[in-house]
Structure formats: C-alpha cells, structure tokens
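Protein chains: 2
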Amino acid sequence: MAVGLDPHFQLLPPYLWEKWVEKEGKTWEALSHCVLEFNSLILQALSPVVGFAKIQVAFYEALGVPGMAVLKKTIEEAQKKDFIVILDGKRNDIASTATFYAQGYLSQLEVGKDSCLPSFWDVDAITVNPYLGEDSLQPFFEEAKKEDKGVFVLTRTTNPSAPFIQDVGEEKVFIRVARLVEKWGEGVRGESGFSSLGIVVGATYSEDMRFLREEFPSLLFLVPGVGAQRGDFSSLRFAFREDGEGALVTISRDIIFSYLKEKSNEGWGFEEKARDRAIFYQEKLREILK
Amino acid sequence: MAVGLDPHFQLLPPYLWEKWVEKEGKTWEALSHCVLEFNSLILQALSPVVGFAKIQVAFYEALGVPGMAVLKKTIEEAQKKDFIVILDGKRNDIASTATFYAQGYLSQLEVGKDSCLPSFWDVDAITVNPYLGEDSLQPFFEEAKKEDKGVFVLTRTTNPSAPFIQDVGEEKVFIRVARLVEKWGEGVRGESGFSSLGIVVGATYSEDMRFLREEFPSLLFLVPGVGAQRGDFSSLRFAFREDGEGALVTISRDIIFSYLKEKSNEGWGFEEKARDRAIFYQEKLREILK
Chain G
67 MAVGLDPHFQ LLPPYLWEKW VEKEGKTWEA LSHCVLEFNS LILQALSPVV
117 GFAKIQVAFY EALGVPGMAV LKKTIEEAQK KDFIVILDGK RNDIASTATF
167 YAQGYLSQLE VGKDSCLPSF WDVDAITVNP YLGEDSLQPF FEEAKKEDKG
217 VFVLTRTTNP SAPFIQDVGE EKVFIRVARL VEKWGEGVRG ESGFSSLGIV
267 VGATYSEDMR FLREEFPSLL FLVPGVGAQR GDFSSLRFAF REDGEGALVT
317 ISRDIIFSYL KEKSNEGWGF EEKARDRAIF YQEKLREILK
Chain F
67 MAVGLDPHFQ LLPPYLWEKW VEKEGKTWEA LSHCVLEFNS LILQALSPVV
117 GFAKIQVAFY EALGVPGMAV LKKTIEEAQK KDFIVILDGK RNDIASTATF
167 YAQGYLSQLE VGKDSCLPSF WDVDAITVNP YLGEDSLQPF FEEAKKEDKG
217 VFVLTRTTNP SAPFIQDVGE EKVFIRVARL VEKWGEGVRG ESGFSSLGIV
267 VGATYSEDMR FLREEFPSLL FLVPGVGAQR GDFSSLRFAF REDGEGALVT
317 ISRDIIFSYL KEKSNEGWGF EEKARDRAIF YQEKLREILK
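Protein chains in written order, with the working numbering: chain G, 67 to 356; chain F, 67 to 356.
Extracted from the complex, chain G is given alone in its bound form:
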C-alpha cells in the first residue's frame, strides 16, 4: 500500500496552520513550512506500517519555489525512512523535452559533452501521461530502465470524465496504452514476473480493472480511487493476480486527513489517526486477498 502525500491546503490541521501563520504570516513560506511539518509527522507515524509514499506534485508546485523546496525535503525524508517514493506529476512532452523530465526525476542530467549532473529529485518512480503516444513515453522508459526505477503510465483514470478519451476506439484507448507499456516492459521483468514499467488503473472502474488484470498479468498496477474517491474497496481484489501480487493500492486524503472524521477537531494527534487508518486499510486489504 502507498500513502498519498496530497496536502490539500484547506484540510491541514488548524493548529498547525495557525502556528505557522503566527510565525510567518499568511505567506507561501508559512504554508510550505506547515506542509513540511505535516508531512514529517505523517511519515514518522506511518513508516513502520506503509512502504510506499506517493507524492502529488501539484500541491508543492502551487506553493512556488518554497513549495518545491519542501517537495525536495519531503522526498529525502521519506527515502531516509525507507519509503519507496512515487512522484505523481503526470508529466508528458515530446521526446526531446520529456528526456529532461525523465533525467531530472529519475537518472542523470546530460548537461554538455560527456558531462552530467545527478538527478536533482532522484525519486524511485514517476507517473506520466500518454496523450502524445509512444515516442513521448520512450525517454521515461529508457531513463527508468537505466537506473532500475519505475514509471506508471496513466491508463484508466479514476475520474467521471475518464471515458471521454480513454474509451474511444474499437480497441479502447486505455487498452492500447496498457498494451504499449506491456511491450516496453518485456525483457526487464524481475523474478516476480513484473517489470518496473506499470500502469495507473483507477479502482472506480472495477470492470475495466478486472479486464486489464486478466489481459495483462505481467503489468504492475498503481491503483488510486478508493478512500475519498469512493471506489468500491472489495473490487480491489480484481487489481491483484490470483497469487495476491500485482497492485499497489494508494490512498491519500482518507488516511492523512482521517482526523477530520471527528467533529470540532483542531487536528492534534492527526498523525496517529492517520496511522490507525492506514492499519485499518491494510487489514482490509489482507482480508480481501485471503
């Protein structure tokens, strides 16, 4: 299971936000510091329980340069605590540009003749968007392979409008995308039979998830959509193979903001409530995988 670090600004514990506003005023810096402290406490509480952290870049980018500094610190802190870090940025561009995203996040940045800089962000995996087709995904696949890192390609997303593009065609677009990723994963599968090139499959479309699992037994799924997005939990079974492998379920708001389930709460102890909620979900997962 992965915990999603999506620090929705309006949902941060009031006590924490007020503390930073008092210190620094209502500024990008104050909110960035608030997010960092929130993340640290969550990572600390969840590290004995959860192995993966999915970090949603939008929240950090929206806070500008101070937010990006907090993104870097969050990545480092998560990795220090042995989380495998998936950066959820859904990046995409033509190949010559995608190469720079891929190198900056996953591998080495080529900066001149025989000259490289290390990857600044140096995460373990990223999410990418396939709208531009194969040649635009290739740099991500190649840079990931160089460093044994992961790429998850948006395939079937969780949202209501997902079918608008993803369902078009006799063989639907999302199936074509899965087929493409499967092809690129050939020859780099580990002992488990999976490669580190996977797909994003939303739990809110359980029939499609079931179909994809049957059709692509060797593809690793990153599965958002349960929790706040209300995908059916029991249908998560379909994301896994018979042997109980093959899917990484990611839950964000419903874990990290579980303190909100209690009325009139300033947010004290949110991290323990998040940990309890993560344990609750892991047990539920274990049950459906029995």
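Don't take every hint at face value.
Since the list gives no way to pick one copy over another, a pair counts as held whenever it fits inside one copy or between any two copies.
[As the list claims (entries may be wrong)] Calculated lysine-lysine pairs in the DSS-like style (CA-CA distance at most 27 angstroms, straight line): (1) Lys327 with Lys212; (2) Lys139 with Lys92; (3) Lys85 with Lys179; (4) Lys179 with Lys212.
Derived by calculation from the structure, the hints in this document are not laboratory data.
Put chain F on the given structure of chain G with help from the hints.
Relative to the frame of chain G, chain F by itself:
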C-alpha cells in the same frame, strides 16, 4: 509570434556555461544561473520584436529548486519587458488536484476558510493535457476565466507518435478535444471572436491543422512545430483565418540557438543572432499572410 525559452542544456553558449562553471563548479546552481543569464539576454534582445514568450517548464524543473527559482525570475523578467508569458507545462490531473495547478499558475490559491494567497507563478496562460477528459480540464478553464487568462489544450501534437491516441475513433480524439474547448470558450469571446481558451495544433500535421481551422474558426491556435521540428513553414497559412488572425506561432530552438548555424562558435553575440532570426521568421510570416 512567440519565442520558446527552451534552454536545452547541451546547446547553451559555451562561453556562458564555462563562465558559470568557473564561478560555481558543475552544479545545478551554476547551470541555473547560466540559464537565467541566457534568458535575460534573449528577452532583452527580442523584446522590441516578439510579443509572446513560451517557457518550457521541463528544463527548469530538471534543475530542481534552483531551476524553479530561475523559472520564477524568467517569468518576472519577461512580463516586465511586456512579453505575454505562456507556461508550457502540459499539466493535468483529476479535478480536485488540477484546481491547485490552475490556482498556482493562473489565479488565487485557496488555503483555508475565506483565505487566499496570490498565484505564485502568475503567468498569462498555460498548456494542459486532455487525457483525463472534461472534468479534469474544467478547473483550468474556470480559474483562467476568473482572471482573464489563457489555457491551451494539447489537441494535435507535433510528434511522430501523435496519432497513437489522437487519431483513434470515428470522430478522432483530437477533433473531440477541439470541440470540447470550443464549447467552454462560448460566451467568453472577445471582440476578435476568439476566447482565451485555445488549442495546441502542431504545424507538422498541416492537413489536420487546415481541417481544424475550417471546423473551428473561433478557436485560437498555439502552433509549435516549425523551425527545429521541421514543419512546413508555408503551410502555416492554414493555421490562420482568412483575416490573418487566429494563430500564435511559437518557435524555440531555431531562434534562441540560431548561433549554432555558424561553425566553431563560442556563442558570443547569440542574442543578436536570435533577434535576427526572429525578425526573419516574422517577415516570412507576414509574407505568407499577405
């Protein structure tokens, strides 16, 4: 016309890169400073000539936090010099997350009860990716409308694999996307007949560009693909309406790195060569629009 600030690291003028390496070593900071100086000189030289700057985020993001600081400074400098700034980030996500991208780039960031921060990046327009469908684009459209800013939705991209998804379906995906953007632009068209919600149409697919222009006379096109990507220049005529309006042609490498056309060049005076090249393209454009 728009100049694309895509500072491909391997193409930066050697004299500039060496200067910064001498000062700060081969670091992200040195490269970031080098990019900023490069951008400043380009913006200075081109500001009397070109009205729009399209900034490709990938290059700044790849340089980490120092790169994002340079992105911010580049945006400010361009706007101070009266460039209209289009941030080319091709962002996308489910609606609740896309809202944060949209607010961070275009409008105000909601951070709590009745509490807002100004947009950190505060650019004039952004590019977005439609793979997740209408509900994922809506926050970008809405935040843009609030502030009279622009959104360009990837529709027909320039690259060879573009058809993989974009050509699927009886009515092709890229046409469906254009139709969607047209719908959202209704009711917010200016005197010109255009709204600030436009589409990205690559010049490398000139027949599709021609079709889209005829089918969607009220849509503004952002047109990459000529110059380094070798789209046919004369076919650019098809991107414009009869009245010569409707398209913003964007050229990146072929302008900013035009100094490379000369052999054994350390890059001195690259900015004047860039300006000359921009003037050359503007005259070519004027000719085909006669």
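For this session: With 27 angstroms as the alpha-carbon cut-off, assign the pair Lys327 and Lys212 to within, between, both or neither.
Result: neither (44 angstroms within a copy, 33 angstroms between copies)
For this session: Could you place Lys85 and Lys179 in one of the four classes (within, between, both, neither) given a Cα distance threshold of 27 angstroms?
Result: For Lys85 and Lys179, the Cα distance is within 27 angstroms only across copies (16 angstroms; inside one copy 49 angstroms).
For this session: Indicate which option fits the pair Lys139, Lys92 if close means a Cα-Cα distance not exceeding 27 angstroms: within, between, both or neither.
Result: For Lys139 and Lys92, both the intra-copy (21 angstroms) and inter-copy (22 angstroms) Cα distances are at most 27 angstroms.
Exercise. Is it within a copy, between copies, both, or neither that the alpha carbon of Lys179 lies no farther than 27 angstroms from that of Lys212?
Worked result: Within one copy only: 19 angstroms inside, 46 angstroms across.
When each numbered hint is compared with the structure, a violation occurs for hint 1 only.
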